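Given chain A, work out where chain B should sit, using these hints.
If you want the building blocks of each chain, they are given just below.
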Amino acid sequence: GQSLEQPSEVTAVEGAIVQINCTYQTSGFYGLSWYQQHDGGAPTFLSYNALDGLEETGRFSSFLSRSDSYGYLLLQELQMKDSASYFCAVRNMNSGYSTLTFGKGTMLLVSP
Amino acid sequence: EAQVTQNPRYLITVTGKKLTVTCSQNMNHEYMSWYRQDPGLGLRQIYYSMNVEVTDKGDVPEGYKVSRKEKRNFPLILESPSPNQTSLYFCASSPGMTDTQYFGPGTRLTVL
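These protein sequence lines map, in sequence, to chains A and B. Take the first sequence: its letters are residues 1 to 112, numbered as in my numbering. Take the second sequence: its letters are residues 1 to 112, numbered as in my numbering.
Okay, chain A solo, but in the shape it has when bound (with noise of 0.2 angstroms):
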């Protein structure tokens, strides 16, 4: 089966830079992608990485080394609004089927 492990919690003050691990344990890996969600609300796509290497959209990074089965997303300039979940989650292809299997959640506190 997957697994993921991604810390519950990481708090950091506004301006700031964050960084949220996610190690991975998967058959058939794919990619690698980040979801973040406000409380309670739908799950918005952050970013994807097939490839070892750095994503940079805008504020928003992601890292991902295969060799590892390890990434990370880095969060810049943090600013109140990104107190939210932070979600990493594995693409898995296997005989022609996908899957995405999602770890249990990264809850950012943003203090002023």
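Derived lysine-lysine pairs resembling DSBU-like cross-links, with alpha carbons at most 30 angstroms apart:
#1 A:Lys104 to B:Lys65
#2 B:Lys57 to A:Lys104
#3 B:Lys69 to B:Lys57
#4 B:Lys17 to B:Lys71
Taking CB as the label site, the calculated pair distances span:
#5 A:Gly28 to B:Leu112: 38 to 46 angstroms
#6 A:Leu54 to B:Ile12: 45 to 53 angstroms
#7 B:Leu88 to A:Ser3: 18 to 26 angstroms
#8 A:Asn21 to B:Lys65: 32 to 40 angstroms
For the record, the hints were derived by calculation from the structure and aren't laboratory data. Values in this document were obtained by computation on a predicted structure and should not be read as measured data. Ideal Cβ positions, reconstructed from N, Cα and C, are used throughout, including at glycine.
Frame of chain A, contents of chain B only:
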């Protein structure tokens, strides 16, 4: 406006009373899926569908049924709901099975 809609948004029901949660998308996406979200467990995939009349089990399919008779609709059916199915349910769609998923607003279900 491109969107995924779910109905109802909130539902309180009793054990054993069959219910259906509807999901519809207007983006002509081929891939649709259902997730449940429980505190501390993240999002877990219930069922997914790669196209009309093609569905498969996710990680937690027990107690649920789905159908995909039209491309835009992917209803979730609970034939005999039980209290352990009390959860927040999300429908999602994507152009293909490896693409970014777009989530609906969620359905909060309580089974008494």
